[in-house]
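Number of protein chains: 2
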Amino acid sequence: MQVWNEYLEQNKQRFLNELFDLLRIPSVSADSQYKGDVAKCAEAVKQSMLQSGCDHAEICPTEGHPIVYGEKMVDANAPTVLVYGHYDVQPADPLELWTSGPFDPVVKDGKIYARGACDDKGQMFMHIKALEVMAKTNSLSCNIKFMIEGEEEVGSSNLGIFLEKNKEKLKADIVLVSDTSMISMEHPSLETGLRGLAYMEVEVTGPNRDLHSGVYGGAVQNPINALCKMIASCHDENNHITIPGFYDKVETLSDEQRKALNAAPFDLQEYKTDLSVGDVWGEKGYTTLERTGIRPTLDVNGIWGGYTGEGAKTVLPSKAFAKISMRLVPHQTSDEIAAMFQQYFEKNAPASVKVKVTAHHGGEPVVTPTDSIAYKAASKALSTAFGKDPIPTRGGGSIPIVALFESILGLKTVLMGFGLDNDNIHSPNEKYDVANYYKGIETIPYFHKYFAEMSK
Amino acid sequence: MQVWNEYLEQNKQRFLNELFDLLRIPSVSADSQYKGDVAKCAEAVKQSMLQSGCDHAEICPTEGHPIVYGEKMVDANAPTVLVYGHYDVQPADPLELWTSGPFDPVVKDGKIYARGACDDKGQMFMHIKALEVMAKTNSLSCNIKFMIEGEEEVGSSNLGIFLEKNKEKLKADIVLVSDTSMISMEHPSLETGLRGLAYMEVEVTGPNRDLHSGVYGGAVQNPINALCKMIASCHDENNHITIPGFYDKVETLSDEQRKALNAAPFDLQEYKTDLSVGDVWGEKGYTTLERTGIRPTLDVNGIWGGYTGEGAKTVLPSKAFAKISMRLVPHQTSDEIAAMFQQYFEKNAPASVKVKVTAHHGGEPVVTPTDSIAYKAASKALSTAFGKDPIPTRGGGSIPIVALFESILGLKTVLMGFGLDNDNIHSPNEKYDVANYYKGIETIPYFHKYFAEMSK
Numbered sequence: 001m002q003v004w005n006e007y008l009e010q011n012k013q014r015f016l017n018e019l020f021d022l023l024r025i026p027s028v029s030a031d032s033q034y035k036g037d038v039a040k041c042a043e044a045v046k047q048s049m050l051q052s053g054c055d056h057a058e059i060c061p062t063e064g065h066p067i068v069y070g071e072k073m074v075d076a077n078a079p080t081v082l083v084y085g086h087y088d089v090q091p092a093d094p095l096e097l098w099t100s101g102p103f104d105p106v107v108k109d110g111k112i113y114a115r116g117a118c119d120d121k122g123q124m125f126m127h128i129k130a131l132e133v134m135a136k137t138n139s140l141s142c143n144i145k146f147m148i149e150g151e152e153e154v155g156s157s158n159l160g161i162f163l164e165k166n167k168e169k170l171k172a173d174i175v176l177v178s179d180t181s182m183i184s185m186e187h188p189s190l191e192t193g194l195r196g197l198a199y200m201e202v203e204v205t206g207p208n209r210d211l212h213s214g215v216y217g218g219a220v221q222n223p224i225n226a227l228c229k230m231i232a233s234c235h236d237e238n239n240h241i242t243i244p245g246f247y248d249k250v251e252t253l254s255d256e257q258r259k260a261l262n263a264a265p266f267d268l269q270e271y272k273t274d275l276s277v278g279d280v281w282g283e284k285g286y287t288t289l290e291r292t293g294i295r296p297t298l299d300v301n302g303i304w305g306g307y308t309g310e311g312a313k314t315v316l317p318s319k320a321f322a323k324i325s326m327r328l329v330p331h332q333t334s335d336e337i338a339a340m341f342q343q344y345f346e347k348n349a350p351a352s353v354k355v356k357v358t359a360h361h362g363g364e365p366v367v368t369p370t371d372s373i374a375y376k377a378a379s380k381a382l383s384t385a386f387g388k389d390p391i392p393t394r395g396g397g398s399i400p401i402v403a404l405f406e407s408i409l410g411l412k413t414v415l416m417g418f419g420l421d422n423d424n425i426h427s428p429n430e431k432y433d434v435a436n437y438y439k440g441i442e443t444i445p446y447f448h449k450y451f452a453e454m455s456k
Numbered sequence: 001m002q003v004w005n006e007y008l009e010q011n012k013q014r015f016l017n018e019l020f021d022l023l024r025i026p027s028v029s030a031d032s033q034y035k036g037d038v039a040k041c042a043e044a045v046k047q048s049m050l051q052s053g054c055d056h057a058e059i060c061p062t063e064g065h066p067i068v069y070g071e072k073m074v075d076a077n078a079p080t081v082l083v084y085g086h087y088d089v090q091p092a093d094p095l096e097l098w099t100s101g102p103f104d105p106v107v108k109d110g111k112i113y114a115r116g117a118c119d120d121k122g123q124m125f126m127h128i129k130a131l132e133v134m135a136k137t138n139s140l141s142c143n144i145k146f147m148i149e150g151e152e153e154v155g156s157s158n159l160g161i162f163l164e165k166n167k168e169k170l171k172a173d174i175v176l177v178s179d180t181s182m183i184s185m186e187h188p189s190l191e192t193g194l195r196g197l198a199y200m201e202v203e204v205t206g207p208n209r210d211l212h213s214g215v216y217g218g219a220v221q222n223p224i225n226a227l228c229k230m231i232a233s234c235h236d237e238n239n240h241i242t243i244p245g246f247y248d249k250v251e252t253l254s255d256e257q258r259k260a261l262n263a264a265p266f267d268l269q270e271y272k273t274d275l276s277v278g279d280v281w282g283e284k285g286y287t288t289l290e291r292t293g294i295r296p297t298l299d300v301n302g303i304w305g306g307y308t309g310e311g312a313k314t315v316l317p318s319k320a321f322a323k324i325s326m327r328l329v330p331h332q333t334s335d336e337i338a339a340m341f342q343q344y345f346e347k348n349a350p351a352s353v354k355v356k357v358t359a360h361h362g363g364e365p366v367v368t369p370t371d372s373i374a375y376k377a378a379s380k381a382l383s384t385a386f387g388k389d390p391i392p393t394r395g396g397g398s399i400p401i402v403a404l405f406e407s408i409l410g411l412k413t414v415l416m417g418f419g420l421d422n423d424n425i426h427s428p429n430e431k432y433d434v435a436n437y438y439k440g441i442e443t444i445p446y447f448h449k450y451f452a453e454m455s456k
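The listed protein sequences correspond, in order, to chains A and B. Residues 1 to 456 (my numbering) are what the first sequence spells out, left to right. Residues 1 to 456 (my numbering) are what the second sequence spells out, left to right.
Keep in mind that a hint or two might mislead.
Going by beta-carbon spacing under 8 angstroms, a handful of chain B positions derived as facing chain A [what the hints assert, rightly or not]:
id, residue
1, Asn166
2, Ala219
3, Gly285
4, Asp299
Computed list of lysine-lysine pairs in DSS-like fashion (alpha-carbon distance at most 25 angstroms, straight line) [stated by the list, open to error]:
id, chain 1, residue 1, chain 2, residue 2
5, B, Lys272, A, Lys356
6, A, Lys229, B, Lys456
7, A, Lys272, B, Lys356
8, A, Lys229, B, Lys439
9, B, Lys229, A, Lys356
10, B, Lys380, A, Lys354
These aren't lab readings, by the way, just hints derived from the structure by calculation. Note that the structure is predicted; figures quoted are calculated from it, not measured. Ideal Cβ placement from N, Cα and C applies to all residues, glycine included.
Start from the sequences and build out the full structure, keeping to the hints where you can.
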């Protein structure tokens, strides 16, 4: 709408500056040394809600990092949109690979570079600025509730409790989330599913102390060699995961569904070039889009053990560690898979080592309906803003909370993401295109408008 | 001899204090931040040589850490013993596992705890104190030359050059080394062989940047998973090493030789209990003593990649690294094995990753003759000091320099070690029994005496 575009045009630079202020706060939820910054970021989000038109906003403490809640009620009869997002970010390391400071945002070639630029401060903040656009132009059509958490990057372990305790306060008609990506500005898309997650840590103990690899080597099991063997055994020659029962509940898609999924524009050569890999890798019998969209995975996210310093040390270490996570698809459950993983690692441990497996956190996979009013409203909003209909896709990432909305609040979710797969989220030089940021702020009000109209 | 025992008895405490002064210097050769301490330690060794009776001692600079040379010439017609040892030590990490400071030596239950207590400051220093005992009691029977280096723990890369340049200065009849262990004080032993070493570093690169394991997981090869698979493939189900050609030159011992080797006192249950392992591990068809003595090995000494910090990070990392070393047995050569290893890792790398292999350093395996005058003199010296004949053993460790003595100086070596396998060398809480320290100082003069007599 004209008034929205004009208001956005007049306030573009300020909207960018305000996002930069948020990005400067190192709200790393995984690392306890940033606890104070996470709290500071929560306060900043609360203030921005009030300044943008919320009648009410508050910091809600949890056992972990706080949740920021805010609301703008316009009409008891109007539908209510619950906006979910998160203000916490992934750790920034390895720092040496950043071309500019992770918490010192800059714009280069039309892209905002900073940790959290896309995931999720940039996308979350679009909703707060969209509220401002609608509020200041007196064109709000839905009631809006914000629930912005600070523990998404560490498993949202306290959000479920918060939902249980605040069912009334969170009453809404739909959950709207911008924490995913679309294909491109030329090909807007809407995610119709997300993978779940089971994140494990494995500790392998060999001898009770570090040993000299000459004196004991060859006669005492090396825990690093043992761990590598166990990890290698998790995939067969076709890159299928070998953990017994792992695929039992995996949904088999129809040829039509797979065809639709593979219809999305995708250039394998471009993909390989962007990553500088000689070849892609994955489960035999599936395309790259299927491997990331509808198939489960097992990836080592971190491994360490023995001497990792400068030079050489001939040690046969006492311990070896690995952080291993699995992405899950519909019908697999985080707890079941975590239990299978634990049993597999403990069962396959030779008598010469001890294996301890602990579960970090999990999230359930979700599939969102495409025949709902909310999905249609989102689809129409994107069509209006981009001038073409969005393509339905399956996202490889996980937003554990989406499954909880359904189970605890009985609410469906619309995943309207404006990021791009090459935004380097969780990596050095995370970026978010300035154009996508503004496009999101432009699109969101249309969602509220159409959702209100279609709900009548 | 009476006079030696009396002198030792009168100076015991000072001999211990002087060793403590050496142990307090953190002469870690692998870590450049300790360069100054390594130099300081060299100077301290030089001073102790002069104070103990050397006519001459000097610091010999190299491309790396300096070599300390000292000599005490008694008679041009007497045989000359070249004593080799090293004053550098392994890194002390992991520091948190030490019960007392690694460079703050203490005596607990009759054991000296400190990095280098056994390997090799404690054993090297026995020879300097043994010189003092003989010099102060006017009972020197051989000329003595000391060559104490500062790079043994990092591959002695500059020692070969030093030998080439100083053949005249280093002229001798035998090399005497105390840098190995014996079975026990009840079972003195003499090493008749040492394993060689090939130490490699592997770098596996997947995508050109760290990726989100949800967005890309399952479709892009994870370099950690790839590295684990390559490492796992290095051993077959019988724990034989699978690198093509690896065993081609491995010497096959006769049943008699194996029988003699296994005759050494060894208690498997005690061994397992000491290490708190449920079972030993190793190459099928060989005993523990054979696995460490006459068979080659492949151990991962260190591995790292991805996120290793607190909490969880769902990253698909760009790179993974491992330090891998192989212990070699007679007829295998470090360069050949290093080349086979490199080819194996590079050949087996899938197109989805890049593998870079670099060689850190190597050393050749050695077998020392048991029919030489020097071996007999050492055997008699141990019999005299311990009251029983020493058992010939094969050591699992490596002293690369021993092979160089033969190839460059044409000298045989006697490995008269006084350490114990459970001295935790290269590990936290390295120790050396006070009794072994004194026993070494008591034994060494007998070697000089018998070697001079037998050489006549």
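Against the structure, the hints:
Of the supplied interface hints, the one on asparagine 166(B) is violated, with its beta-carbon coming no nearer than about 26 angstroms to a beta-carbon of chain A, more than 8 angstroms. Given hint, alanine 219(B) at the interface with chain A, holds; its Cβ is 4 angstroms from that chain's nearest Cβ, closer than 8 angstroms. For the restraint placing glycine 285(B) at the interface with chain A, the shortest Cβ-Cβ distance is roughly 13 angstroms, beyond the 8 angstroms limit, so the hint is violated. At a threshold of 8 angstroms, the smallest CB-CB gap from aspartate 299(B) to chain A is about 5 angstroms, leaving the interface hint in force.
In summary, the hint linking lysine 272(B) to lysine 356(A) is supported, as the alpha carbons are separated by about 20 angstroms, within the 25 angstroms threshold. For the hint pairing lysine 229(A) with lysine 456(B), the CA-to-CA distance comes to about 58 angstroms; that exceeds 25 angstroms, so the pair is violated. Of the supplied pair hints, the one linking lysine 272(A) and lysine 356(B) holds, its CA atoms being roughly 20 angstroms apart against a limit of 25 angstroms. Distance hint between lysine 229(A) and lysine 439(B) is unfulfilled; the C-alpha atoms sit about 44 angstroms from each other, more than 25 angstroms.
This hinted pair checks out: lysine 229(B) and lysine 356(A) have alpha carbons roughly 21 angstroms apart, not beyond 25 angstroms. For the suggested pair lysine 380(B) and lysine 354(A), the alpha carbons sit about 45 angstroms apart, so the restraint of at most 25 angstroms is broken.
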